[in-house]
Every structure is written in structure tokens, then in C-alpha cells.
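Visitor: Starting from the structure of chain A, add chains B and C where the hints point.
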Amino acid sequence: MTLDPVRDRALSRRSFLRASAVGAGALGATSLAGCGSVAPGGTTPLAYWNFFTGGDGARMVDLINSYRAEAPDVDVTATTLEWGSPYYTKLAMAVEGGRGPDLATLHASRLETFGLNLVDSWDLAELEARGITLDQFPEPVVERVTLDGELKALPLDTHPLVLFYNTRICEEAGLLAPDGSLAPIQGAEAFLDAGRRAAEVTGANGIAYGTNDALASFMLFWSVFNQLGGEMSFPEGGPAVVDREAMVGAMDFIATMCDGTIASKTQDGAGAPAAFASEQAGFLLIGPWEVATAQTAGIPFSMTQFPALFGDTAYCRADSHSLVLPTQRSTEPEVRAKAYDMAVSLLRNSLSWAEGGHIPALSEVAESPEYLALDPQSNYRGAAQVAAFDPAVYFAGSGSTFMSRAGQSLQGVGTGALTPDQGADDLIAWMDDQLALGSPL
Amino acid sequence: MSAVGSSVQTTVPTPAAEVDGRAAGRRRGPTLTAGRGGFWFVLPFLVVYALFTLVPIVYGLFLSFFDTSLVGTTSNFVGLENYARLIGDGEVWRTLGITLLFTVLSTIPLVLLSLVMALLVHTGTRGQWFWRFAYFAPFLLPVATVTLIWQWLFQGDFGLLNGLLGLVGLPDVGWLSDPDWGLWSVVILTVWWTVGFNFLLYLAALQGIPQNVYEAAAIDGAGGWRRLVSITLPLLKVTTGLVLTLQVLASLKLFDQAYILYVGSGGPGGVAAPILQYVYDTGFVNYRLGYASAISYMFFALIIIVSLAQAWISSRRRRS
Amino acid sequence: MATATTGRDIARPDRTTQRGRKSREGVSLAQRGSLVSRTAIATALTVLAALWLAPLAWALLTSLKREADTTTVPLEVVPEAGFTLEAYTRVLGNDNIITWFINSTVVTVVVTVLTLALATTAAYGFSRTRFRGRNFLFALTIAGIMVPPQILIVPLYRQVTAMGLADTYAGIILPQLVVPAMVFILKKFFDGIPAELEEAARVDGAGPFRIFWQIVMPLSRSIVAAVGIFVFIGAWNNFLWPFIIISDPDLMTLPVGLVQVRSSFGVQYAQVMASALLAGLPLIIIFMLFQRQIVRGVATTGLGGT
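Protein chains in written order, with numbering that gives the first Met the number 0: chain A, 0 to 440; chain B, 0 to 319; chain C, 0 to 305.
Next up, chain A with everything else stripped away, as it sits in the complex (with noise of 0.2 Å):
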């Protein structure tokens, strides 16, 4: 088949029409609007597809706007599906039948669950010819998207778990440091503490947290499991291998933060970083695309990076947007070449994509003055080195099943509705039943 697989779509959809013309009515003729993806002389189509909205869809839309600068013979076509399973149900569903797009954006974390066999590799001598080569990406990251000695997606960025901070709050708490910056905070008691004492200061919660909210707590959750140096392997058809001690250490982190005065045993998603923003709150935890609520409010505060609590590590769970190249059912050189160029030219202009909070994953950008001089953006910096990636398996990720049934337990452990123990036997006893029905990929 060297057929042009878009081309002949838009054939077999205009025939199609034209028969239908028949019992339609004239529809036929208005209805070839609808074909986008027709290439006007000489021009290159390219499909892209992402999850970007908000501030990260304007700052995307810049990004992609420069590529088409960039290069005026590629069409670039970009299509925002809905975040989350949706966006990875209709990629699947796309790629399997087919008719994925030429260049897509997935969370490093979802490879496994998205599926191997559905992305190509990225050619290494491609990318070097392009001058991106993998020394210039953080370790961590270049780990996770590495698999079987493949590079299978591209980072764009690293988004870990980072602290905000109310300066005035903190300040009054007597939590800053001499420059203005949050002193240093070593260890879960100093931790827990400082959330008393800004509570004390705002007459409400010290850490505004989002115990109801999976990718909060679980972004949580994932960080103090690895720093009390817990780990998880999943044998085929089960049960999980999980250090049940950093397990329920972890949890029992969490029910003890939860106590209604450090922070909240009831607040949601969308309520921590409101509460935050209104200066309920001293302290918020969660990723750091928040920057922009913060900044809109107007509050004064500042960011850095999530400190360890147990052990000398600051581990923190974090995730990278990157780049994966749909398999096609007959790739076309020329139209993969551009889709290298656009994946290239989105990481080389990724400063503005870090004013979003993410931490650029190429160094060039990630060293670059610019970088270093935003602030808060660049204070966490330095989590994109003890990045801690979810667990490698089918069902996790995310957005995964996996997260939003961890966020379950949490949400119980939070609540006080389960103590850590049970939490920690509810959640191991999901993972067994999930190995046991096998991988579906």
C-alpha cells in the first residue's frame, strides 16, 4: 500500500458525498468544506493533536504558530480534544484504526497505557541531524521515555509536584528566610509544622491540599512514597510487588496533614488552588501549572520545589509533556520529516511554554539566561532531577485508571473514612485484581 492514506480518505469521503448527493439533496458540494486535510498545491499537510487549554492552550497555540513561520510549505492542522481519558481513548481509537495524526502530545507517564505498539521510535541520527540529541535532556525523564534502548517520545517539558507559597502569610508565620525566599524546610515534622503556623495566621487551613482530588493526592501520595524509598513492580498477572511499609508511611503522611487545620479533609480540585488564591491558605500543593491562578489573583507568593520530608532525596512525582509520532499505516517521508521539524522547533521555543510552570525539558532552553530569570517559574528547577515517574505498567499514568482509583483510597485516607492500613490494603488489593486480568496491549 503506498496509497496516500490522506488523500485517499478525502477521495473516498467526496465520492461518497456525491452518492449521497442524490437522496440528500444538494448537500454534496457545501459538504467538501469539510475536508481540512486536503493539501494545496505543494504544501505538506500535518496533523497535530493535544490537550492544551487555558494558558497552556494560548501558549501552544503561539508555539505552533512559530512552526508554521517557520516552515509556510507545512499545513499544520492542530486539533485540542478534551484532556484526560477522552483525549487518550480517541488517540487509541485513531492510531488503531489508521488514521491517527501525523504528531501527537502524550504524558511520558501513559506510554505503557497507551500502547507501544501504537507509537514508532524516534530516529536518534534524525533528531542529531536537527541537533537534538539526548544528553541535552534530564535524566529521569530521558529514562522514562526510553524503552527497550528506543526513544519513544520526545520531552517537552517536566511537571513536577512544587510547593506554592503566600510571601505575606509566610512572612507573618515567620516561615521566610532573610532574602525573602521560604526558609528551608527539612523533614515531614518541620513540615507539618510550617502548615500550623501560616493555619494560624490565616484562621483557616496552613497547606491548601486537594484531598478529594485523584491527581492531587496521588501527586502527593507518589512523592513521599519514593522518598521513604518505597517501590512497586508488577509481575505479570499479579499480585503487585509493593513495599507496603513506605505505603502506608505515605499514607499515613497524608491523614496526618488532613487534619482539618493543616490542611483541609474535605477540598476538592478546583477548591485548593481557589482557596490558595484568596489567601485561605499558606501553602498549596500541587503541580505547577497553577502559576497562572496565582498570578491572576494578584496574591504575593512565590514557588519551590516540594522538600524532602523523609530522607535526603526530594523526590517528586512528576510527569513530562512530550512527543510521540502515531504509527501510520504507511508513513510518508516527507510528512514524518516535517513532523520532526515541528516536534524540533516546539522544544527550541519552549521559554514561553515555561512561563506555564513547566521546566523546559531541552537544556538549551532550560540553561538559557531567559529561563533562569523567570520567577517563579525556574525556582523549582531542580525537581526535573529527582523526578519520580509513575509506575511502568498498563494501567497507570496520567489521567489512568490507576490514579483516579489510588485517589480513591487517598481521598478515604484523607477524609479519616480509612486509616492508612486499610488504604493501603484497598489499593493493593485493586493492583492484584488488575494483574490478574491480564494486560490488554
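For the record, the hints were derived by calculation from the structure and aren't laboratory data. Check before you lean on any hint, since a few could be wrong.
[Claimed, not checked] Keeping only pairs whose Cα atoms sit at most 20 Å apart, straight-line, the calculated EDC-like set for lysine to aspartate or glutamate is: (1) A:Lys-264 - B:Glu-214; (2) A:Lys-264 - B:Asp-179; (3) A:Lys-264 - A:Asp-374; (4) A:Lys-264 - A:Glu-278; (5) A:Lys-264 - B:Asp-177; (6) A:Lys-264 - A:Asp-420; (7) A:Lys-264 - A:Glu-244; (8) A:Lys-264 - A:Glu-199.
Guide: Leaving out everything else, chains B and C in the frame of chain A:
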């Protein structure tokens, strides 16, 4: 609304009302004389029916005995394993429970409210066109429109509902975030959206009640309320049976509005995930098509049982 | 118990259209009742209508605001800056919505026309002709009424994909053409058409197809219209199947596109409400034009479904 084609329930066919004028009193019924060409009339329909209903029914049953994946290439025969797993899968029963709970919670207001609306409109109060429009119009809207509007009304900080609660000094409700409210929000939306259909069924039934029934009662001196309780409501029994059946079957098939309202998440703590969403999630989100088929068929059996039970009850009623 | 018996005896009219005097203009509590009860009824009607129209009114108001005015606390009915059509200009300036609108129109019109063609011919065949296996095939068709289309999404997805029809109009349309209940309704109607009319035509030498087209169809205009309107509504509003089978944003129908594809610029309520209302507009217009047929269609056939 429906998934593939309109899912349609019939009540009673229209008799040949319009030929009344031309052929009043004459013999009716099929002639059975048009003869041979007959098969060619039904063939096109049967081909499409076979291809897109009968074949998928058989193929789906077949799939339910395999571990077919959405993205994998291999697919193994696993016998009854999918069905055995289903019995032990708490999520199947949990989502089925949600589906049944939703059916109860939505059917009661959808039947009672539509009856009240029809009785009120049937009083003949001026503005008939307007009342019918107001109550029925939401039913005509695409589920996407309905759900997007309600997502906005339910919105926690800027939504109309919490805004109105705030005006009367009540605290905000987490319509879309509170596990205690998650399913109720779907119920409210569904009642608003579909009550108009039942309303029209009741209204038509009321308009079909002959005048002389009431005239006889008026002579006996029955007042308005008494007429309602002793004449109108008993006469609506059959319609109520019909409305109830259609509603139960429709509510059991909850998917679209719950899926869109919660963007596929199943609502806070998963409290609004119906069984059809579990089928969708299993098959398409988690790639397990074989297992998803098995769950579909278990649910299919339930629907068939409900349909047959209804048919049995109504035929018994007719015989007595 | 006496009333119950009476009830059953005269229950028929509520199921079939009875010609003759109806209570439509006659019995009317409002006309006969006291002023108090009339006021109470009018109040109840108004309150319910207000409740039912409020969501639409709020959506309309939102769609006419500037984005910044949609998220005010406390709520503002009329924003200080006044109303604007900005959201509609933005939405209609967006290629996607126009494309989806065209897709929805094509799909809905083709589905309606083809479903009617298939259902009327099949109903005529089952009603007015005799052939071997007729009763069995009719029973098989009727059994299809019990099959909820939602049950078939998994096998249909595999099948339609294997046929190479995923992401095509044909893939959206073909599975929607099977509506056994319509065949049932139309057959019952055809059963009631007097035989003499056809016999006369046959004497004149008309074949079955001419009889169908020139005698039966003209007599059945109203039922065909009722069925057609319902198929149209069902197809325009259909969500699940197009949602499953289409991944190309250029081929999505309006309800699917609205739900799946997001603006890169985040949730903009005025625009979301504007596009949601635009998606519902065609059916509201159809209702305004065909209210009588729709009301009658529901009354006599009870079709539709949620």
C-alpha cells in the same frame, strides 16, 4: 438519546384515520393479494437490519468469549472466563447499582411531574401552544447542548444554581464535586430534559377521554377534584403503565448525559458512572473489548427481562 | 372497584386515536372551576414554565455577554457593559463549528431519507403482500425493537472499522438506518388502508411498486411525516455512535464535536453557550413549524427514546 438509530418503543400504531372520509365503514385489513413482489419490498430493510443489528448481536456474543483487545492483534478464546470474572467484578455491580438507583430516582419524578404538567395544561388555560413549547422544547435539544448548559448552571463558583442559593443565604452545593450530589445532578438534568416526552403522552391520553364520561359525572354532581380522582386518573392507568415502561427502559440506558456532564470521569468518587459507561470504559478506554462485550450481554439480558416482564404484565391486564 | 371496571372499558380511547368528540375543547376545569382554582392552575403552569425555560434563558443571556461578564459574583442578569453578539461571531467564525454543522446536516438528512425509504417499503411488504417466510421475518424484525443499540457498540465498532468505514459518513449513517419500531408502526398503519383502493388500481394494471408509491404513500403522508420527524430528531441528536466511530475532527457531528473538541483558550462560557444553543436551534425551529405533527407523532406512536 439513542445510540445507534433511534431506540424506539412503540405504543400503539395509528389506525388509518385519514382514509376515514373516503372509506368509512368499509372492510379494512391487508389484501394479501399484491403477491410476488413482496419479498423485494422487505429485502433492502432486511439486508441493512441483518448487517447492522443481527450480525453485531452474534458477533458481540462471540467476542464475549475472547480476550480481544482494542489495540492488540492477538485474540484468544477464553470460554466463559469473561462471564466468570464479571460475577466477581465489584465495579460491574456497583455501576449496575448506580444504574438501578438512577432509574428509580429519575422515573418517579419523570412520571409524576409529567402527569401534573399534562393535567394542568389540559385544563385549557390560555396559552396552550406556549405551555407545550415550554415543557417539551428541552426534549428536542441534543444531549450535548443540554449537558453543556447544565454544566454551566451547576458550576460551583459562578453557576446559576449556587448563585441563586447565595441570594437566599444558603451555602453553595457541590453539584458536580460532592459525592452526595453527583447522581442527583444527573437526575435533575434528565428530568428537565425528557419530562416533555411523557407530558405529551399524558396530554394525548387526556385529550382522548370522551366528553360524555365527564358529562355523566357532572350530572351526579362530582366536583373538579372528585372528577380527577375518580374518573381521570383511573382512565390514565394504561397510559401510566406505558409511560412507566418506556421510562424505566430509557433510564436503564443512561450514558450520554452522565458521560458528558462528568467528562467521562464517572462523577465525584465515581457516584454517577452507569453500567454502560463501565462497558465503554472497559472496552474503549482500557482496551478490553471481549470483557466489555460480556458485560453488555449481561446487561442486555436484564433489559430483555424487563421488556418481557412488562409485555407479560400488560397482556395479562388486557386479558382480564 | 366499579370505577376501575369502567376505567378499563373506556381505557381504549387513551391508546388509540378516537375520532369523535374529545375533551380538548370541552371539559376544562379552568372554565368551570372557581376563580381560585383557575388562578392556582395558572400560577402552577407559570411557575413550571419558568422553571423549564430558565436554563435556556440563562444560557441565552450568558451567550450574549462578554466573556469577562460571565463569571461575576454575585450573578448579574444584565451586565454593566451591555449585551453583545461577540460570542456568536466568534463561534461562527470558527471553521470547526461550520464543518460540524454541515456534517450533522448531511448525516441527518441522509439518515432520515434512507430510513424512511427502508421502513416504508418493508412495512408495505409485510402489510400488503404475501411471500414465504413473511411471518417469520416480521417476527424477527419486531424482536429487534427489544435490542438497545447501546448494547451493540463494541461489536459494531469492530465490524464497521473492519469494513473500512470508520471515519466516513457511511460509517456514521449505515448503523443508524435500522429502526424496526418504525417498520412496526408503519405496518400497522398500512394494515388499516382499505383493500378496495388497491384492488381498483390493480384492475387498472398497476404493479405493486406503483400501488405503493401512488396509492399507499399519498394516503400515509401524515404518519410518514411523524415518523420522519422523529428519525430526524433522533439522528440530529444522536451522540454515542458518532462519538465512537469518528475520530477525525473534520468528520464529527455537532453534538460530538461540541463535547470532544476544546478551544485552546480554555472554557469560555459565552462561546460554549452560544455553540450549544446553535446546535439546538434547528430542532427548535422544526418544533415551531411542526408542533402539531410532533405532538401527534408522540401521541399516536409513542416513539422517540432517551
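Visitor: All hints are to be evaluated individually against the structure, with a verdict given for each.
Guide: Hints, verified against the model:
1. Distance check on the hinted pair: A:Lys-264 and B:Glu-214 sit about 65 Å apart at the alpha-carbon level, beyond 20 Å; violated.
2. Restraint check: the Cα-Cα separation between A:Lys-264 and B:Asp-179 comes to about 16 Å, which is no more than 20 Å; the hinted pair holds.
3. Our distance criterion of 20 Å between C-alpha atoms is broken by A:Lys-264 and A:Asp-374, whose separation comes to about 32 Å.
4. Restraint check: the Cα-Cα separation between A:Lys-264 and A:Glu-278 comes to about 18 Å, which is no more than 20 Å; the hinted pair holds.
5. At roughly 13 Å between alpha-carbon atoms, A:Lys-264 and B:Asp-177 fall within 20 Å of each other, so this suggested pair holds.
6. Annotation: proposed proximity of A:Lys-264 to A:Asp-420 holds, straight-line Cα distance about 18 Å (limit 20 Å).
7. A hinted pair counts as satisfied when its Cα atoms are at most 20 Å apart, and A:Lys-264 with A:Glu-244 does not qualify at roughly 23 Å.
8. With a C-alpha separation of about 17 Å, the suggested pairing of A:Lys-264 with A:Glu-199 holds against the 20 Å cut-off.
Violated hints, in rising order: 1, 3, 7; the structure is consistent with all others.
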